[in-house]
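Residues per chain, in single letters:
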Amino acid sequence: MSDLVSMTLAEARDAIRAKKISSRELTSAFVTAIEKARPLNAFITEAGEQALAMADAADKRIASGKIGALEGLPLAIKDLFCTKDVRTTAASKILGNFVPPYESTVTQNLWDAGAVMLGKTNLDEFAMGSSNETSAFGPVFNPWRASNSNANLVPGGSSGGSSAAVAADLCLAATGTDTGGSIRQPAAVTGRVGLKPTYGRCSRFGIVAFASSLDQAGPMTKTVRDAAIMLKTMASVDPKDSTSVNIPVPDYEKLLDGGIEGLKVGIPKEYRIDGAPAEIDALWSKGADWLKAQGAEIVEVSLPHTKYALPTYYIVAPAEASSNLARYDGVKFGYRAPGVHDITELYEKSRGEGFGAEVQRRILIGTYVLSAGYYDAYYAKAQKLRSLIKRDFEQAFEKCDVLLTPTTPGPAFGVGAKTTDPLEMYLQDVFTVTVNLAGLPGISVPAGLTQNGLPLGLQLIGKAFDEATLLRAAYAVEQAADFQHSPAKWWSV
Amino acid sequence: MNAPTKNKLLKGETGDWEIVIGMEVHAQVISQSKLFSGASTAFGAEPNSQVSFIDAGFPGMLPVINEKCVEQAVRTGLGLKAQINLRSIFDRKNYFFPDLPQGYQISQYKDPIVGEGEVIIDLKDGESIRVGIERLHLEQDAGKSLHDQHPDSSFVDLNRSGIALMEIVSKPHMRTSEEAAAFLRKLRAIVRYLGTCDGNMDEGSMRADVNVSVCRVGGYEKFRESGDFKHLGTRCEIKNVNSMRFIAQAVEYEARRQIEVIEGGGTIHQETRRFDSRAGETRSMRSKEDAHDYRYFPDPDLLPLELDADWVAEIEKSLPELPDEKKTRFMAQGLSAYDASVVVAERELADYYEELAKGVDAKSAVNWLNNEVLGRLNRDGLSIIEVPVSAAANNAIIQMVADKTISGKIAKDLLDIVWTEGGDPRQVVEARGMKQLTDTGAIDAAIEAVIAANPDKVEEVKAKPKLAAWFVGQVMKQTGGKANPAAVNAALKTRLNLPEEG
Chain A
-1 MSDLVSMTLA EARDAIRAKK ISSRELTSAF VTAIEKARPL NAFITEAGEQ ALAMADAADK
59 RIASGKIGAL EGLPLAIKDL FCTKDVRTTA ASKILGNFVP PYESTVTQNL WDAGAVMLGK
119 TNLDEFAMGS SNETSAFGPV FNPWRASNSN ANLVPGGSSG GSSAAVAADL CLAATGTDTG
179 GSIRQPAAVT GRVGLKPTYG RCSRFGIVAF ASSLDQAGPM TKTVRDAAIM LKTMASVDPK
239 DSTSVNIPVP DYEKLLDGGI EGLKVGIPKE YRIDGAPAEI DALWSKGADW LKAQGAEIVE
299 VSLPHTKYAL PTYYIVAPAE ASSNLARYDG VKFGYRAPGV HDITELYEKS RGEGFGAEVQ
359 RRILIGTYVL SAGYYDAYYA KAQKLRSLIK RDFEQAFEKC DVLLTPTTPG PAFGVGAKTT
419 DPLEMYLQDV FTVTVNLAGL PGISVPAGLT QNGLPLGLQL IGKAFDEATL LRAAYAVEQA
479 ADFQHSPAKW WSV
Chain B
32 MNAPTKNKLL KGETGDWEIV IGMEVHAQVI SQSKLFSGAS TAFGAEPNSQ VSFIDAGFPG
92 MLPVINEKCV EQAVRTGLGL KAQINLRSIF DRKNYFFPDL PQGYQISQYK DPIVGEGEVI
152 IDLKDGESIR VGIERLHLEQ DAGKSLHDQH PDSSFVDLNR SGIALMEIVS KPHMRTSEEA
212 AAFLRKLRAI VRYLGTCDGN MDEGSMRADV NVSVCRVGGY EKFRESGDFK HLGTRCEIKN
272 VNSMRFIAQA VEYEARRQIE VIEGGGTIHQ ETRRFDSRAG ETRSMRSKED AHDYRYFPDP
332 DLLPLELDAD WVAEIEKSLP ELPDEKKTRF MAQGLSAYDA SVVVAERELA DYYEELAKGV
392 DAKSAVNWLN NEVLGRLNRD GLSIIEVPVS AAANNAIIQM VADKTISGKI AKDLLDIVWT
452 EGGDPRQVVE ARGMKQLTDT GAIDAAIEAV IAANPDKVEE VKAKPKLAAW FVGQVMKQTG
512 GKANPAAVNA ALKTRLNLPE EG
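As they're listed, the protein sequences go chains A and B.
Sequential numbering from -1 applies to the first sequence in the working numbering.
Sequential numbering from 32 applies to the second sequence in the working numbering.
I should point out that these hints are in silico values taken from the structure, not numbers from a laboratory.
Please read these numbers as outputs of a predicted model, since none were measured by experiment.
Keep in mind that the hints are not guaranteed to be accurate.
Once the Cα atoms are required to be at most 16 Å apart in a straight line, the calculated EDC-like pairs of lysine to aspartate or glutamate come out as [as the list claims (entries may be wrong)]: (1) A/Lys461 - A/Glu396; (2) B/Lys202 - B/Glu147; (3) B/Lys99 - B/Glu345; (4) A/Lys267 - A/Asp279; (5) A/Lys238 - B/Asp411; (6) B/Lys42 - B/Asp324; (7) A/Lys330 - B/Asp130; (8) B/Lys270 - B/Asp229; (9) B/Lys175 - B/Glu77; (10) B/Lys141 - A/Asp374; (11) A/Lys330 - B/Asp392; (12) B/Lys124 - B/Asp324.
Use the sequences and the hints to build the structure in full.
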């Protein structure tokens, strides 16, 4: 049975189509694996029964010859996607027992293609965090541990439940959302693939909003091919999301094998930061060599406003969040503080008790930067910088087709190691936030292990809506890296 | 056009004052569905029966602009002869309120869909004033809090939440309560002509916030010359005044109050006030210091609204004839400025008038409309939409008077008959023998009968020719009112040998 759960999405798809396995067999194996893996705390809501029902329905369709692109394939869904009749928490106390009466467009696309939902994965509260430690449902533990250590490490964040679930073989693939790196960073520190598509590629309808101009859904998978398969189904133009874009979605999987002969790969010099571990730099150079060896041309490019990316991000994202989270007020749904006497007290107590510390911090920052008298100094200036950062990329892409960078400044760190210093935590996003600010697609591919045996990822950044080229380059890195490592399943012994 | 005329001044203890008034009008857009959701906008439905998840601010919900509402805003802008901005931006106005489910209102702040325009208002004395429009923008309405349903809870009805409003902001170009009321009346007429707002103030589909300030004589003129607000006094905003009458009352009261404060050595502080219609006074709601910091910023869920110039041109082509144009046309047909502005005030009335006046003298048509039709409507408490006699029927009556088929007096009786009993006026005239007598033989016979019965009067009239009117009356009585008065007059003059009048 353990073979079943360690299959890639593509392998499982092919096995189901060849009728070698049924969706029910596959789904049962994952339901069992999820139950055994509870020490990881990867799931907020397990939906085993519903999953088996969905699997049976898929098997019926398979028997009748109606086979969708993801027919019978069990997936984990980040608990930021609203799922009809299944509790959706955003890992926050403030949503209480909120059960959406509607389905997000991305998950609807998955179910329409025949996929099976195993459950809702843990995350940083409202996707605000880089370690999955701000969740109201407790931290998630990384399936990986450093060699010769039993210390628990973080799985990255905010899509930490999804990254852990993929790395621990608790699903074939998972959905994530990425506002500043929330798909790519957790994928990197769990040795798996994470793809943030171009802003507008996937609908945001039904995804609990963090920062609307940055949020984008994407797949977290075991392989680049699996990411290509998932994106094809997740992506769509949606009349319910005005910011989704009507550009045809190609068959990414078919385009993977094209090779990278003549592809121009840019190396942004500003991403070489002081104090980064030597291992990171070494892996980055190795990545460039791998691509060169396959016929790509390596060019140095400059993204001069990179140093402003983090401060810009930590103005724009909290500003939008402070407004997006205003609807959680204890009036209509979710948590309402007991024993209050007037509306102001209702707001203050419900929000004070309902939101965790990191969310409150960001609401405060966001409220501050939008306030009269501060708007121009912060928010307006950040918008200008955002334009400059975007322009940096446009200029770089005149010289190259994709960019290659590290995904994170280091491997997974210990639980609790950075929780007391928010700025230290925010640095996790240093290589990833620029991509969100520019609205570009980015992917993290597992590329090697540290001396301690912890995975590291390389990031590729593509032109807007050119996920096909991005995936092709990522596939080339994946082939060369030949990363075959998996964590020891310490939780199920 | 804007000189400080005597009748626009208010007398204070220390001298004369000028009032300066600006207005912000919220007009509900006529549209089947809301500004950013597909929920219905029908008035009067069960509470919370017309609410989508978007209107209720549910997690993950996103607004999608309703093209119809955009079209209505553009149409209104064109009707206000205003600049249409081909690129506009929706912003979030952030504040907490139980009937504001998202915690922000989607509005337009720096870049509204419509820029500067104008409204021409017509005053009773025939004067016309141009009131500048500062801007028009689209925004969502909030829901409604209900505080009288439960002893210790408040309820919220979200049916109104998300309905499209146009906020129309005037420049401070009004100077009297009459002008303020006339502005709102004219604006209401324009949006009703355009079909962009029903203007129903009772149902709240049109609400006005009135800004009032006072300054010393000459301040307003200096403001108009320089555009500098320092020449005006500090303004107070009176929220949600919901009838023309209340607007006039609120302005009068507020201006008096401000003058008293200033003359008493006090200072006016910028604040928001509300009008208590029962007491007829304004009361402070909140001062500027308590004002919200709305933290406006562009709504990242919506792209900038880009309009196609050709699309705007198409809308412009489809505009109906508006009150000012209609008024000019009616005046060219012979109506006075005052009559014309009364007739065009309501589209239905103008349409009614046009049919009523078809092929007859414009002046007699408008007199008939004013004196007979509107008089009866007023008496019966009906509006022009409820008028029981069609414009065509009135037209027939006027024509019958014009071609002397019936007399003016009979015409009024005839209108009374069809007003209460219905029927075709021409058939009624036939059936009831109401036709005017023009047959001189019949008239002569009647005259002979009156003379025979009143020999004393025949003597008297020779000395007092004015007594001829008495004879006319008698002859009319004799003929049951059907005799043509002019024919009776002529025949009497000949018969009684009376001199021609001056």
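Quick rundown of the hints versus the structure:
no., hint, result
1, A/Lys461 - A/Glu396, "10 Å, holds"
2, B/Lys202 - B/Glu147, "9 Å, holds"
3, B/Lys99 - B/Glu345, "14 Å, holds"
4, A/Lys267 - A/Asp279, "12 Å, holds"
5, A/Lys238 - B/Asp411, "51 Å, violated"
6, B/Lys42 - B/Asp324, "38 Å, violated"
7, A/Lys330 - B/Asp130, "10 Å, holds"
8, B/Lys270 - B/Asp229, "20 Å, violated"
9, B/Lys175 - B/Glu77, "13 Å, holds"
10, B/Lys141 - A/Asp374, "14 Å, holds"
11, A/Lys330 - B/Asp392, "64 Å, violated"
12, B/Lys124 - B/Asp324, "9 Å, holds"
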